[in-house]
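Visitor: The lines below spell out each chain.
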Amino acid sequence: MDDFERRLKMLPLAGPTEGMKRRIFGDRPGRLWFVEVFRLRIPLGWAAVFALFAGIAGMFGSQLVPSKPAPPLQPTVNVQIIRSPSDRNLFDFTIPAEDFMTGELIVNVQAPKEI
Amino acid sequence: MERVYDQYGSQLFTCALSVTRCSGLAEDAMHEAFCRGCRLTEVPHNLKAYMFRSVRNAAIDQLRQRRKTSTLLQDYIFDSSAGPGELAEQKQFKRLVADALLKLSKDERETIVQHLYADLTFQEIADMRERSIGTVTSWYRRGLVKMKDHLEV
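So the protein lines, in turn, are chains A and B.
Those letters in the first sequence? Residues 1 to 115, per the numbering used here, in order.
Those letters in the second sequence? Residues 1 to 153, per the numbering used here, in order.
Read the hints as simulated data drawn from the structure, not as lab findings.
Where a beta carbon is used, it is the ideal one built from N, C-alpha and C, also for glycine.
Careful, some of the hints might be misleading.
Example chain B residues on the side facing chain A (calculated, C-beta under 7 Å, incomplete) [unchecked claim]:
(1) Glu2
(2) Val4
(3) Tyr8
(4) His31
(5) Tyr117
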């Protein structure tokens, strides 16, 4: 390209009007950001390398975070009433009753096992 | 199709304008070509070349249909509105180039516009016009020589 061609090329061109694109394609709603992300063409090799590094970073990152102390283990308490003269369920407190826990009460406390 | 418009829209418009010399007709040609392109069931092998050919054909059709009613642009394909920094000398040069282009033969003029202003390669122009690359190059060179003579460069 010589100087003359370069000089010709520098001249400003008339462009289409602002509404030209809308006239052809109409008003379209804007695409969602994740649709745009998926439209990007990323080489598969690069994506695999990125995923590998993200995995390694995640693995090391998880080791740096101090783990929370586990809550203290609670004992299990089993309460049982035997030889009760009443037929009803003595543990049903929704029904008003005159007698209260008649019979023999067996309480069994089971300590949790440390793992 | 929208991506083609975003990428080559202004170049396609310049090509259409070089044929019609009227921005309204050039826009009509673009509209027609893109509508035709949207209706395609199969994407052509070379979509860019297809769209340039389609816009050119639509522009020729537009010109044939409405030649009498359209008003022709004074500055041909160039922006007629003077920019804030545009000197009188530059404006004069623009007008002279437009005149020089209009004095060329149709083939020479179109080739210069397509190569210089629409950034098409000689091979792309040759494919679009269905001519040999040698013919296209000679149109371009001959046109440039005529323009230099006209502008006394």
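Visitor: Each hint: holds or not?
Guide: A quick look at each hint next to the structure:
1. Glu2: With Cβ-Cβ at 6 Å, under 7 Å, it holds.
2. Val4: violated, 11 Å
3. Tyr8: violated, 12 Å
4. His31: holds, 6 Å
5. Tyr117: Cβ of Tyr117 of chain B sits 6 Å from chain A, so the hint holds.
Checked against the numbered hints above, the structure breaks hints 2, 3 and satisfies the rest.
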